[in-house]
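As they're listed, the protein sequences go chains Z and L.
The numbering of the first sequence is the UniProt record's numbering, which starts it at 1 and goes up by one.
The numbering of the second sequence is the UniProt record's numbering, which starts it at 1 and goes up by one.
If you're looking for bench data, these hints aren't it; they were derived computationally from the structure.
All residues carry an ideal CB built from backbone N, CA and C; glycine is no exception.
Be aware that one or more of the hints could be misleading.
Some chain L residues near chain Z, calculated using beta-carbon distances under 10 Å [stated by the list, open to error]: (1) V107; (2) A179; (3) K181; (4) L193; (5) L195; (6) R248; (7) D284; (8) E285; (9) A288; (10) P330; (11) D376; (12) L437; (13) N440.
Okay, derived cross-link-like pairs now, DSS-like style, lysine-lysine, Cα gap no bigger than 30 Å in a straight line [what the hints assert, rightly or not]: (14) Z:K445 x L:K178; (15) Z:K181 x Z:K445; (16) Z:K122 x Z:K159; (17) L:K122 x L:K181; (18) L:K181 x L:K445; (19) L:K159 x Z:K122; (20) Z:K159 x L:K159; (21) Z:K122 x Z:K181; (22) Z:K178 x Z:K445; (23) L:K159 x Z:K181; (24) L:K122 x L:K159; (25) Z:K445 x L:K445; (26) L:K445 x Z:K178; (27) L:K122 x Z:K159; (28) L:K178 x L:K445; (29) Z:K181 x L:K122; (30) Z:K334 x Z:K122; (31) L:K181 x Z:K159; (32) L:K393 x L:K334; (33) L:K122 x L:K334; (34) Z:K445 x L:K159; (35) Z:K334 x Z:K393.
2 protein chains.
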Amino acid sequence: MEPDRRERVIAALTADLPEGVLVTNRDSLDAYRWDRANDPDAGVPLAVVRATSTEDVQAAMRIAAREGVAVIPRGAGSGLSGGSSAQDDAIVIALDRMRRITIDPVVQMATVQPGAFNVEVKAAASEHGLWYPPDPSSQEFCSIGGNVATNAGGLCCVKYGVTTDYVLGLTVVLADGKAVKLGGPRLKDVAGLSLTKLFVGSEGTLGIITEIVLRLVPAQRTPTTLVAMFPTLSGAIQAVLDIKGAMRPSMLEFMDGVAINAVEDMMRMELDRSAAAMLIVQSDEPEALAAEQIAAVEVICEANGATECYATSDPDESEALIEARRQAIPAVEKRGALLLEDVGVPLPRLGDLVLGVAEIAARHRTEISIVAHAGDGNTHPLLVLDPSDPGQKERADIAYGEVMDLAIALGGTITGEHGVGRLKQPWLGDYLGEDVLDLNLRIKKALDPQNILNPGAVFGAI
Amino acid sequence: MEPDRRERVIAALTADLPEGVLVTNRDSLDAYRWDRANDPDAGVPLAVVRATSTEDVQAAMRIAAREGVAVIPRGAGSGLSGGSSAQDDAIVIALDRMRRITIDPVVQMATVQPGAFNVEVKAAASEHGLWYPPDPSSQEFCSIGGNVATNAGGLCCVKYGVTTDYVLGLTVVLADGKAVKLGGPRLKDVAGLSLTKLFVGSEGTLGIITEIVLRLVPAQRTPTTLVAMFPTLSGAIQAVLDIKGAMRPSMLEFMDGVAINAVEDMMRMELDRSAAAMLIVQSDEPEALAAEQIAAVEVICEANGATECYATSDPDESEALIEARRQAIPAVEKRGALLLEDVGVPLPRLGDLVLGVAEIAARHRTEISIVAHAGDGNTHPLLVLDPSDPGQKERADIAYGEVMDLAIALGGTITGEHGVGRLKQPWLGDYLGEDVLDLNLRIKKALDPQNILNPGAVFGAI
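Chain Z with its partners taken away, still in its complex shape:
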């Protein structure tokens, strides 16, 4: 950026924002350049706006619009697809200070600012005997705004749906700096286009979310949890299909042998290291029915070759088993740098996907571990690599693309819950096809004609 334009933008931000909101110090800027995708192409932003209010976001957005400067919205920086990677000369709008949470127990809703962590929303709801279900594995350190921006999923989605199912209203700052309220604390509302739903999952490309009205539900009952170990991948996958055909579990998770071993290395839970796969299944029905369902799950698992099944309705023990699944990605990450996939397929193709990924791994001599929200057909193949070995990096990059190509060929998606961001952007067109991509772009252009809202994310160059 030309030095005088740069100075003009900084001066305008300084003038229009409250003291302490603007960050321009180079060392401080570095903390806002990367999300968990660690995009090597992340640039150096011009400034970071650590907004404290919708008005702060509006002030920054108005200046960005006037000067044609790109804006990168950012929550907790826990994104896995590079949706918050900074760009050179952009303004990063960080929502990490906006963390207010208000619960209305009568209407069973939460009004939250985007920077609040997912677990903080859950905790605030539980004080009133209520529950906010979506539970990405990163729930301890991901922001609710990021969850909305990516339409995040999690472990309980197999029964309770994803983020969009809980979003009733949004306050959004648009590309021109105007703030609008979409939806609100109404359980049913069909007046006008479903804009609330359109902004959910738009990854900061249509506007910046500054407040969210969430639907809450009564507290979950204490679930009964079953862990089953399988000697074969195919046995575990068939058990997933059989379980889904027989009931609606509240969790149905999968880990392969590599993940089991990585978790065992980290957590020492006495998991069977020789198993090819492990399923974690939960029922949160009332006690008698839950016991009945979990007994049926055990029969299904054993019929599909499970060597060991262990069930518990003790809350701490249940939580420890689920924590094993939540820690699978960090555990595998200890084996090397990760390239993290998020491909999903229609459930009957789950086996083809899992076996196909193994074939890709073998062909490219790349280690790929799979953990999955199996009941949703949503898998996370984890490509493990030593980034200092250029040959390995190159092979992993090719395998990364081939996994997405495979998912597309199986009628699946390139991303089930993490978002496209910058890392998966090159595959979006292959997945959507020309006509649907064009529809996306027409809406993007209608709402952000200058392409200043998170440019490069989702859509790449426009």
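With the hints as your guide, set chain L onto chain Z.
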């Protein structure tokens, strides 16, 4: 329309559509001019295309686009807001012949054509032990395509959500005649903008839906149903709030004294004609818990002055009680022509809405009966009038607008589940405000630059 243009359009439709699809006979056209809103301004279309396939819709749409002719999509014609009112010289695209339903029990999804009735989808699902929850009172004669176009609700939504919560994928014919597939049989998918959700509830203004992929859930358990009669409106409303604060019922419906009497006139169910209000509450939890919940509901109702509570877990008796609620609108309709509202408010304002409507009715000497999906804050004030009395019609029209103004003033919506259509279009801007209406229009223009898709519905003149 100029005669030569008219001839050219008819000739093109005749040439490009299979035999038997095009209807141009004036007497036959009349059957496609009105939906249940009986819009007095409905025009006479140029032709009706009774499509048998996505390709038929595309062929008609391409001609409409080339000639700049308006297209009115139409399902079963059961709409209550005039969303399918014909216009002079428009092409009505009727989807009533496209009724195929395919159930995949493994993935628990249905692939349906838009003309299938809601109950037909339910019946096909139930053959596999599955359930499609959304249940508008018109379920016996409304089409699933219309349900998607309006994001229809119903009675079980208080626990099970609305249509959009079950739509995973759509095939849509766009304004230029291209057909696109959005979403599909994947339980989680965040690649690109949430276009599937945008098209749900768009009332035919963005495209014509020709196929739908629906999520199904396991069959509902036999519910326990409680009916409670209240001597006061306020007692019934407080009971609604108390029940919602204590549990998540699978149904929580309200009828006022006028509706109770109208239903009793029609169905002879020995309802207490002197009651001011009646609640119908259901729990579909497993038996022991359902009994416990319904007992708690009874305590709440009695504490709020209920004079009579009757509970049953007999399926036929339950169904008869719910049928009373479903028949409330047709029953009240026997008292005169109806102007049907669909206003919704945040739950704590439900009492203000119900009492405010009574005040409007008294002030304009108009009978307004209220039935409501009370647990969602979604009410249907029914304005009863003798249309042959011009004074009464005029007063009712004013009251109709004042009810919407009241809902807006209470932080509510002008339509919770029926759609804006043509009847509520004049109030959309008041509800959305200028900026959000502008956002709606930008998307409409981006997707339908000629404004040929259901013009006049939702947005009025553009």
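Structure-based check of each hint:
no.: 1; hint: V107; result: holds (5 Å)
no.: 2; hint: A179; result: holds (8 Å)
no.: 3; hint: K181; result: holds (7 Å)
no.: 4; hint: L193; result: holds (5 Å)
no.: 5; hint: L195; result: holds (6 Å)
no.: 6; hint: R248; result: holds (5 Å)
no.: 7; hint: D284; result: violated (12 Å)
no.: 8; hint: E285; result: holds (7 Å)
no.: 9; hint: A288; result: holds (7 Å)
no.: 10; hint: P330; result: violated (22 Å)
no.: 11; hint: D376; result: holds (4 Å)
no.: 12; hint: L437; result: holds (7 Å)
no.: 13; hint: N440; result: holds (5 Å)
no.: 14; hint: Z:K445 x L:K178; result: holds (20 Å)
no.: 15; hint: Z:K181 x Z:K445; result: holds (21 Å)
no.: 16; hint: Z:K122 x Z:K159; result: holds (17 Å)
no.: 17; hint: L:K122 x L:K181; result: holds (24 Å)
no.: 18; hint: L:K181 x L:K445; result: holds (21 Å)
no.: 19; hint: L:K159 x Z:K122; result: holds (20 Å)
no.: 20; hint: Z:K159 x L:K159; result: holds (13 Å)
no.: 21; hint: Z:K122 x Z:K181; result: holds (24 Å)
no.: 22; hint: Z:K178 x Z:K445; result: holds (17 Å)
no.: 23; hint: L:K159 x Z:K181; result: holds (25 Å)
no.: 24; hint: L:K122 x L:K159; result: holds (17 Å)
no.: 25; hint: Z:K445 x L:K445; result: holds (11 Å)
no.: 26; hint: L:K445 x Z:K178; result: holds (20 Å)
no.: 27; hint: L:K122 x Z:K159; result: holds (20 Å)
no.: 28; hint: L:K178 x L:K445; result: holds (17 Å)
no.: 29; hint: Z:K181 x L:K122; result: violated (36 Å)
no.: 30; hint: Z:K334 x Z:K122; result: holds (29 Å)
no.: 31; hint: L:K181 x Z:K159; result: holds (25 Å)
no.: 32; hint: L:K393 x L:K334; result: holds (17 Å)
no.: 33; hint: L:K122 x L:K334; result: holds (29 Å)
no.: 34; hint: Z:K445 x L:K159; result: violated (37 Å)
no.: 35; hint: Z:K334 x Z:K393; result: holds (17 Å)
Violated hints for the displayed structure, listed by number in ascending order: 7, 10, 29 and 34.
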